[in-house]
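Given the structure of chain C, go ahead and fit chain S onto it with the hints provided.
2 protein chains.
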Amino acid sequence: MIELKQISKSKCYEGDQFVFSHHSEVCNCDMTFGIYIPVHEKNEKLRLIWFLSGLTCTHENAMVKSGIQRWASEEKIAVIFPDTSPRGEALPDDDSFDLGQGAGFYVDSTENPWQKNFQMWSYIVDELPNLVLTKFPLDQEKQSIMGHSMGGLGALNIAIRNPEIYKTVSAFAPISNPTKGIWGQKQFEAYLGKETENWKKYDPSILLNEQGYKGKILIDQGTKDDFLKNLMPEALEKIFNNRNNGDQLRYQKDYDHSYFFVSSFLKDHVLWHKDNVK
Amino acid sequence: MIELKQISKSKCYEGDQFVFSHHSEVCNCDMTFGIYIPVHEKNEKLRLIWFLSGLTCTHENAMVKSGIQRWASEEKIAVIFPDTSPRGEALPDDDSFDLGQGAGFYVDSTENPWQKNFQMWSYIVDELPNLVLTKFPLDQEKQSIMGHSMGGLGALNIAIRNPEIYKTVSAFAPISNPTKGIWGQKQFEAYLGKETENWKKYDPSILLNEQGYKGKILIDQGTKDDFLKNLMPEALEKIFNNRNNGDQLRYQKDYDHSYFFVSSFLKDHVLWHKDNVK
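As they're listed, the protein sequences go chains C and S. The first sequence begins at 3 in my numbering and counts up by one. The second sequence begins at 3 in my numbering and counts up by one.
The shape of chain C in the complex, shown without the other chains (with noise of 0.2 Å):
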């Protein structure tokens, strides 16, 4: 049984922000996770929106910057947000911000000197789940996903593969078809190896387009955004036109890559997956 360590509490908008640490077996690593709880009756399961972050961030940064316990509290839904990579001084890194610790891109790394630790696939969509559903009053059939960047890649990954879990997905300026691009080919090289076919997994676009997805899709891109051609959205527009689905995604004029875009649009966002997670 993984115990939790409580890093720190603080009251917000009347509810628990805290934070965790605790031993993860698949990364052979101390984790750190924040975790909102709303303020909620007594034997209540609440929903859950999962965020996950974008380069070089940690649990901390859309905890403290997205604003989003607001409507988190307001809409009664309870937010985690996991690190982005394994952390350590013991374990690999690499000098670039786009790889190695704060640039776990969500996969299960195969290649040394990185499978040790680099499992934040297995992390976030086994190990966590099974410690925080256990430990706080969540509704398992209510949990959505939705990132930021490197983290929107992440969410978008996650959902499509286990659309049982994660009923609905959104993103802010998400890596969109990373096997063709800056922010993919590097990394995924790096934590998976040559052999091309391997990374099909982690890219949404090929994902959705072969298999499709029954939640619904909610993605904002600013058109500002310094990062548009390693992001390549227009991979998702296209396959969203296809699909038919009802999956958005909105050009949001002006607004560039920082939480300044992100907290603009959050409380759409979170209204957004209560709507539509039944």
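Do not take every clue at face value.
It does not matter which identical chain is used: a pair holds within one copy or between any two.
Stated by the list, open to error - Computed cross-link-like contacts, DSSO-like style, restricted to lysine-lysine with a CA-CA straight-line distance of at most 30 Å:
#: 1; residue 1: Lys13; residue 2: Lys78
#: 2; residue 1: Lys11; residue 2: Lys269
#: 3; residue 1: Lys255; residue 2: Lys44
#: 4; residue 1: Lys137; residue 2: Lys182
#: 5; residue 1: Lys202; residue 2: Lys226
#: 6; residue 1: Lys11; residue 2: Lys231
#: 7; residue 1: Lys137; residue 2: Lys226
Don't read these hints as lab results, they were simulated from the structure. All values derive from a computational prediction rather than experimental measurement.
Only chain S this time, still in chain C's reference frame:
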């Protein structure tokens, strides 16, 4: 004429979140500030709220963590986020977090090595207003000020001594009686010298008691704030009770000193400023 150099511009809740730097003549160095300008009509003059931050903060903390832009956008109010001290490798500093860079205490220093740069009172009250009131569409008759912790101290002192300019003042967990406290005595001795008579003009409990304030004051203080002994809210509470001017000091049960606390009550503060600045 001081030039503003634009560091960044991010669209946020339809308005613009800017960061600028400029040479400061009073601080003898470059200074950085953030300013949020909501959508407005041509020729419209906007209300302005000054947000002064606490120990260790730069201009950035409140700007990225408080979520104030949402309410500023809805209520059509500009918000300015100054830095908390002069900065630079060539400038004096101290190893402790509560003195020197990041800890200007909003005073005009008279002592070496600080006095050449640490003129935060004059910067906030004179130099920066002269700069921004001419460059942005602001109504100088509708200014108010707020702050957090050390910034709450600064906001209270600045408003009480300049009631014609700042029509209302609010604070989150302000340092309330610095001439008697751990957060105050050390810094006032360093910045202002050993003569305690010179400290009194920077102590809101003394100022309010001696000269009053014709505007309204709102303070929120968390009951689980780890720094209650340094903040000493009871000093102001006593004066509020005697003043009978509609001032409010609200103890918020179980909230701590973090931005999770600030953001939880910030909408209240913004609406309160708007209601009370006629």
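Identical-chain pair category, lysine 11 with lysine 231, by Cα at 30 Å: between (39 Å within a copy, 20 Å between copies)
Copy assignment of lysine 137 with lysine 182, given that the CA separation must stay at most 30 Å: neither (40 Å within a copy, 45 Å between copies)
Homomeric proximity label, lysine 137 with lysine 226: Cα distance no greater than 30 Å: between (41 Å within a copy, 25 Å between copies)
Homo-oligomer pair classification [lysine 44, lysine 255; C-alpha up to 30 Å]: between (44 Å within a copy, 20 Å between copies)
Homo-oligomer pair classification [lysine 226, lysine 202; C-alpha up to 30 Å]: Only inside one copy: lysine 202 and lysine 226 sit 29 Å apart there, 49 Å across copies, limit 30 Å.
Intra- versus inter-copy proximity for lysine 269 and lysine 11 (alpha-carbon distance at most 30 Å): both (23 Å within a copy, 22 Å between copies)
Identical-chain pair category, lysine 13 with lysine 78, by Cα at 30 Å: Result: close both inside a copy and across copies, 15 Å intra and 29 Å inter.
Checked against the numbered hints given earlier, this structure breaks only hint 4.
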